[in-house]
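Make the complex out of the two chains shown on their own, each in a separate frame, by following the hints.
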Amino acid sequence: MSARGLLWIARARIRADRRGALLDAAAACAGAAALVFFLALGMGVGNAARRMFPSDARLVEVVPSSVSLGGLLGGDALDDRALRRLEALPGVEAAWPRVILQVPIAAPEAPPGMASSWPPGMTLQIPVVGIAPAMVRADLEDGHAFEDPPPGKPIPVVLSRRLVEVYDKTIAPSWNLPRLPPGLTLLGLQMPVEIGRSIVPGKQEQKVYASKVRLAAFSERVPMYMMAIPLETARRLHAEYGKDGRFSQVTLLARRPDDVPAIAAAVRQMGFNVDEGERAAAERIGAIIAVTTGALAFLAVVMCVLAALAIARSLSASVRGRSKEIAVLQALGATPSDVHRVVLLEGAMIGLAGGVLGTLVAFGLSFAADRAALGLLPDFPFRPETFFAFPAWLPVLGVIVPAVAAVLGALAPAAAAARVEPARTLT
Amino acid sequence: MIALHGVEKSFRDGDREHPVLRGVDLRVAAGELVAIVGQSGSGKSTLLHVAGGLDRDYRGAVEIAGTPLAGLSARELARLRNATIGFVFQSFNLLPGLSALENVMLPGMLRDDTGEPPGAVRTRAADALVKVGLAARASAPPARLSGGERQRVAIARALFARPRVLLADEPTGNLDAATGDEIIRMFVELAASGLSVLVVTHEERVSRAASRVLMLRDGRLAESDAATAAGERGAGRLA
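Those sequence lines, one after another, are chains A and B.
Terminal number for the first sequence in this note's numbering: 427, no gaps in between.
Terminal number for the second sequence in this note's numbering: 239, no gaps in between.
The shape of chain B in the complex, shown without the other chains (with noise of 0.2 Å):
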């Protein structure tokens, strides 16, 4: 579960403060996918930050998983991050250096509390690449693989540690029409397997998909229909 209660966030430019986020309220329950949309520039990815704890000069409290952000020290907080929260970004943010398996590991290799071996890692890793359909390209670096073929791994590596929670940043924005809504059927299955999802995105399709669509105008949440966001998204285009 994601929880945020009146979340205020601005960003300061010399003597003057720009509010981004003005006492945002969400809730996304275990089980829900819900689309935040937004023009661009309206905080939408802010908002991702602050739920997934990588931005916490905010005010407002945070929980997720049943815990408060608040309070957590740097370490409590990474390792939040590694086991309950999986990222995926809209340039998948691949580590060049390392093969799509290696990718998929990085989480594994990044605790220190398990003291699970590289091989169980290891193996784990292509379990996962065998989920999203990249058994066969578990050691390509990521320059060799297709733009879907990247995302697929940047979702195998976002749930490798089993997180109860899934943040995810325009995941299909630079995909075309068909992977992307591969991309968007797997988000769906992962919702409807107990996870909590939270999809900032432009993309009608994904807000299609969602249980729920939410606006972030002038740093406010709403609901939103499909309809409405639709029109929002293509005025925001337009923009």
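Just chain A, with the same shape it has in the complex (with noise of 0.2 Å):
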């Protein structure tokens, strides 16, 4: 028989058995709107945490042992010696150190046309750290040079992209400040600092002059609530301060992330520590994430599965109840193998059908279920516009796996009518 032909019957069948075919269509459909649904949630959330916590796999942080074994071990002192080492660590791409600046520096002021955006009186003191520009030179936009600048010029400076979601969430309206207006380019912005000055009692230098530090990227490699500036400027500053030199700890950029727990292991038999705790967020927060979504895939499969079920006891009752009709097609001219792909492409059809729709469902709930969340939750930083991903593959396999399913449902009901003998089944 054509495609043409099985189509057509297999449709003419469906028409028959209308509440029958609704009733599998319906149990699909919800199996496809779960399926959708809890996997579209769960890639979502996951988005959402990887904006919050977000996490390079081929990073290593290596910081200073905090148990001193470095005579005998080698290591102990982040130093350039201990930089070379480690970038001679088989794996390592790259290795960038950075230097927490134990020099104060503080904002006596806002940067010139922002007054409105700070406090009257407000003096900002500010974390910084100095880091390899190779480390943010992707995030680096034309025109924007990242390296210790010539006397008198302002000093380059990258901060973390969240804190702008931050000060706009959570900074700006507690100090009732103004929030930024959307599309802004803060790049380029300079801000009048002292350096030297401290607002922490016997913190301050005895030398403390005016500078000032000019934006020049945003970076997800920048400690949040910290401002990077170019590592030689921050040695410079130790130097002209008599502060230590060495780092206080070194990035390793690995070639794939495969290579992380070779590195790290590496790393600790030289005498180091590896900082985890972002890390170890990240990825608890994403295992976290993870198992749920699966618990509630696999759920939503079992839905699948139970559609499956239903499909075969309806199209099994189906075909015994219809055995007459089908010797009869077998006696117009249908083989015991068209017999068989009838009943398999109406339980496929109902099985598309129930996902298509299922799918549509899932949308719909997945767009009332952001509305609601959007209307109850706090603005918070990193809410996410939508608590739900769809990637293209997603609405595709909603729509196959309960085909699937149907179809292995249908599978003993079209054996079994395909086993209807005609000449006893029209006596």
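Just so you know, these hints were derived from the structure itself, not from any lab.
There's no promise every hint is true.
Claimed, not checked - Using 25 Å as the maximum straight-line C-alpha spacing, the simulated SDA-like pairs for lysine to any residue come out as follows:
{"hint": "1", "chain 1": "A", "residue 1": "K243", "chain 2": "A", "residue 2": "I199"}
{"hint": "2", "chain 1": "A", "residue 1": "K324", "chain 2": "B", "residue 2": "G180"}
{"hint": "3", "chain 1": "A", "residue 1": "K324", "chain 2": "B", "residue 2": "S10"}
{"hint": "4", "chain 1": "A", "residue 1": "K324", "chain 2": "B", "residue 2": "S193"}
What follows is the structure in structure tokens.
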């Protein structure tokens, strides 16, 4: 029988038993809706969590050991020699040292034009870290350099991308300050600072002088509440104020994520520690989301299996009830294989219809859930615009899984239909 | 042409075999209407199923329109049933989910070798309904048709593929006298147009219209004149 004939007869059969087909399609629809909804929710929440806790699977954060065994293991001080050894580790593509600036820097006034966003009389003490420029090179836009400036020129700085979100959602509302207008480009913004000044008693340096910082970029690789300056600038200031020039941390970039465990082991063998705080938090959150999503998706797959069983039961009853029709089809020129395919196609059509409907229902539910969540939840940092993610493959999956489940459910009834003997049935 | 040579068929009941057909020879030429009569359970329907290729579990040889059925694959046999043989059943056996027109279209939709577009199949089915006088009832489902109308739809469906052989199992069994006569007239006309028509029946009026009447008794076919056959049928009904 041609595909056209198969389709025509399967459609006619479904039309003849609309109620049964609707019930089966409803079961498949529930399975598809649950599958698409839960997977989209899991991926959407995962995306939000990644925005909140960005983590690069190729980075290894090396810090000095809290217990010094330096003499024995050759480690303990993160200096230029240690940096070279770390760079030489197998699997390491780059090593980026950083240093916490021990010279205090404070901003006594607002950047020009932003006085309204600055509480009157406030002096902002800024924690500063010196980082290797290569670490944020990918985040630099054209025309914005990040290197130690010549004397008298503003110091380029990089801020955490997340800081803007935190300012908008937390700092601005609590200090009653205006939010940053959407689309405002802050790059190039300059702010007067005083180097050596501290608002903490006893921490201020003897030598305090005015300078300027200029915003060069935003990056995920800068700690959220710190301002990053070029490593050379930090080392220069340390030399100028007679501070320790050793690195506080070295970030290693692995060639591949798979290299990370071996690199971390080698780092520990060298007597250093690996700071897994942020990564561990991100991984824990990722794992919780993945497990929850997996459990819900499993539940949805169970629903699809139940739908398949319902379809199997219903089609089996249908095949038993229309054995005479099947015998007539064979008398008119259908082979047992044609009959088998007609029943499978009925299952597939019911599953497909349920899958399409279920996917649409999931879209609708996710839209409604987003609307409800955005209406009910307060505006907090990193609050996503949507809690759902719909990659292109998800609707396809939502249609295919129930269709495949339905075809699997139709296998036994189809085999039973193909076994109908026309001579015996038509007697 | 329908030809059966030495056809034997038996049913198994546990360890026992019940022979139903014992060396049946039959030949129905083109343009001939042959009626087979016999008692209930004498194997008339079984004979029809063997002749129509619906039952392959027999010994002997069957030819339909010159094609021996032995050795045909399931697909070849299905194609032969679709294109060469028309079936008409006592209980009409129309598909309830399809309209009268769609029931007639079925053989056309089941074919895989013509490439005939659905529109053409539909037109031919409508023509077939016109020929049996049911053009006005084309869109009606079987449940809304009378018994006579259903049987005429079944005949239109059997004739849709322009078969060379028509096999009918008690075609007037569920019809009133007037409608039955109408159907018998159709069969006579079809035979006159060149079809080989084999009818299994209890009805005397069918055998009266047949070119030949054969009696199936004890698994064997014997020529029978109408009176003898009528007598046997009466015995059958009484039994």
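_Hint numbers contradicted by this structure_ = 4
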